[in-house]
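Undergrad: Read top to bottom, the protein sequences are chains G and V.
As numbered in this note's numbering, residues 1 to 518 make up the first sequence, in order.
As numbered in this note's numbering, residues 1 to 83 make up the second sequence, in order.
Because the hints were derived from the structure by calculation, they are not lab data.
All values reported here derive from a predicted model rather than from experimental measurement.
It cannot be assumed that every hint is accurate.
DSS-like cross-link-like pairs, simulated, lysine-lysine; straight-line CA separation at most 30 Å [claimed, not checked]:
1) G:K509 - V:K60
2) G:K361 - G:K267
3) G:K432 - G:K212
4) G:K361 - G:K345
5) V:K60 - G:K361
6) G:K361 - G:K479
7) G:K358 - V:K60
8) V:K60 - G:K512
9) G:K251 - V:K60
10) G:K161 - G:K432
11) G:K427 - V:K60
Chain G residues, not near chain V, derived (Cβ > 10 Å throughout) [stated by the list, open to error]:
12) H22
13) A67
14) K123
15) A131
16) N278
17) G372
18) P398
19) W438
20) P445
21) S469
22) T487
Each residue gets a CB set at the ideal place from its N, CA and C atoms; glycine is no exception.
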Amino acid sequence: MNDLFSVVDWSRAQFALTAMYHWLFVPLTLGLGLIVSIMETIYYRTGDESWKRITKFWMTLFGVNFAIGVATGIILEFQFGTNWSNYSWFVGDIFGAPLAIEGIMAFFMESTFIAIMFFGWNKVSKRAHLAATWLTVIGATISALWILVANAWMQYPVGMKFNPDTVRNEMFSFWEVVSSPVAVNKFFHTVTSGWVLGGIFVMSVSAWYILKNREMNLAKRSMKVGAWVGLVGMLIVAYTGDGSAFQVAEKQPMKLAAMEGVYHGEKGQGLVAFGILNPEKKSYADNEDAFLFEIKVPKLLSILATRQVDGFVPGINDIINGGYVTKNLAGDEIVAPSVMEKMAKGKKAVEALSAYKKAQKQGDEEAMIAAGKALDENYEYFGYGYVTDPSQVIPPVPYVFYAFHVMITLGCYFLLLFIVVLWLIRKDRLYKMKWMLWVCVISLPIAYICLESGWIVAEMGRQPWVIESIMPTFAAISKIGAANVQTTFWMFAALFTVLLIAEVGIMVKQIKKGTEQK
Amino acid sequence: MAQSVVSRNIFVRIFYFYLNGFRSMTLGWTLWAIILIKLFIMFFILKLFFFPNVLNTNFKTDAERAEHVSNELALPIPNSDNK
């Protein structure tokens with residue numbers, strides 16, 4: 001298999017595996033944490049002991065998920081230093097600073113308050129305990145913020161300047177990095193998707209109890225809280241998803257083209273509601289149709305991407321050939337350069353870096369200034385210097401297209417589910433409708449599929465860039481053997497699978513046990 | 001059995017808060033065992049034997065690391081045929 005997969009492929013696969021496993025645990029922490037906090041708030045306000053019992057039950061499940069998931073993300077940081085050392089050095093403190101803040105925040109906030117949350121019942125005041133519960137979930141959410149800021153910077157690098165002396169990008173505006181529109185949308189979209197999962201999780205377990213005619217008080221009360229949190233989360237997910245798509249259209253048009261399978265852009269572009277890609281379409285340059293079958297909503301993609309009914313949305317071929325009107329990073333209107341033009345500028349930038357280093361060694365200041373100027377002028381397309389064929393800048397369209405449409409379809413399903421469940425609760429009909437309760441139960445694995453699809457869209461859609469336009473994956477990699485990465489890939493697969501089995505096993509045991517002895 | 005300790009010293013109180021918390025755990029022991037085994041595997045096996053920091057291991061100074069990355073980024077890049 002080594003012959004088929006290079007070190008880049010294995011390293012990418014390993015990173016994807018780790019990130020996707022990590023992402024099984026994180027959203028439930030964020031969502032269930034919020035729900036537990038709300039339940040404890042109800043207990044604090046009403047003094048109703050059954051809410052305390054309910055809170056403690058869900059808190060136990062929160063604890064199981066937290067314990068199994070904690071520190072699984074650290075493995076990603078190991079991989080930066082080993083597999084992606086060029087990248088790690090190149091991004092310098094921009095990536096390091098948010099991750100360091102995340103580490104400190106996570107350690108101090110979560111580890112302090114989670115102890116009070118679990119050990120503090122009847123030992124600290126009700127108010128202090130409630131504060132600790134809220135601060136635990138706020139700490140987890142702020143941790144997510146820093147990770148997502150770092151990720152957003154990779155998709156839209158701002159607030160930095162490249163220093164050829166250190167060969168590093170150096171941050172000049174922390175605020176620009178933190179408040180980038182990509183980061184803001186990504187943060188709210190990701191965190192609230194965790195709320196949706198939390199809501200579905202609570203509804204699913206509650207529905208199972210109702211079907212088994214057990215823990216009826218807990219299940220009915222929890223079902224309502226879960227459905228409301230899920231609905232609010234879903235509405236914010238939809239709003240920020242729209243914001244994210246708008247940002248993608250401006251900053252990563254190739255990703256949007258792949259998400260929608262658009263090869264030839266047009267004004268008033270429709271949105272593919274359902275489509276089957278043509279497997280015979282092997283290259284952007286061939287004349288095969290992109291779809292075997294498609295149902296489109298007229299003009300909707302233009303509205304979402306440009307906020308204009310007849311706005312132009314470029315397709316893959318348009319982006320490769322250039323020539324359409326777009327905006328640069330500064331927000332000025334420009335005619336989009338072709339990929340070949342970007343490659344030429346990128347090569348100038350890379351050669352200028354080499355020339356700069358050579359002049360530096362020779363002590364030739366004049367040559368250093370000239371090379372530095374050429375580097376500055378062309379740095380925007382630095383990563384294109386490593387591209388040898390325009391087709392390399394196209395992400396894997398089928399993965400991105402299908403993942404995007406799975407995510408959107410399931411998102412719509414969840415919105416409908418929350419509304420229907422709340423309506424049925426209001427009419428006092430839900431608890432008699434067995435099939436609807438089973439729908440709630442089986443929605444849990446579907447929610448995980450939806451969340452993982454979101455990550456596939458975000459991360460595969462930006463390929464080949466590890467930093468958009470600045471560094472492709474194949475320039476970010478360390479000089480290590482593919483066999484080494486392959487070995488650790490399977491080790492991670494085994495470790496995470498064991499952890500997942502442990503989580504599911506302990507969770508199921510606790511759910512079956514119910515609230516006895518709580 | 002949870003122990004009730006009254007002390008003026010805040011650190012002693014925090015210590016007993018944690019001690020009693022750990023003592024009264026039921027499911028928590030299993031979770032702590034999982035956490036500790038996981039951290040051991042991650043830091044003492046994976047990190048130590050499989051995930052060295054390439055630049056820190058192979059180079060002593062930042063200047064050497066910068067030089068190495070600069071050479072790596074000079075054209076042509078190996079693996080550039082991979083997307």
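Undergrad: Any of the earlier hints contradicted here, and which numbers?
TA: Checked against the structure, the hints that fail are numbers 1, 2, 8, 9, 10, 11, 13, 14, 22, while the rest are satisfied.
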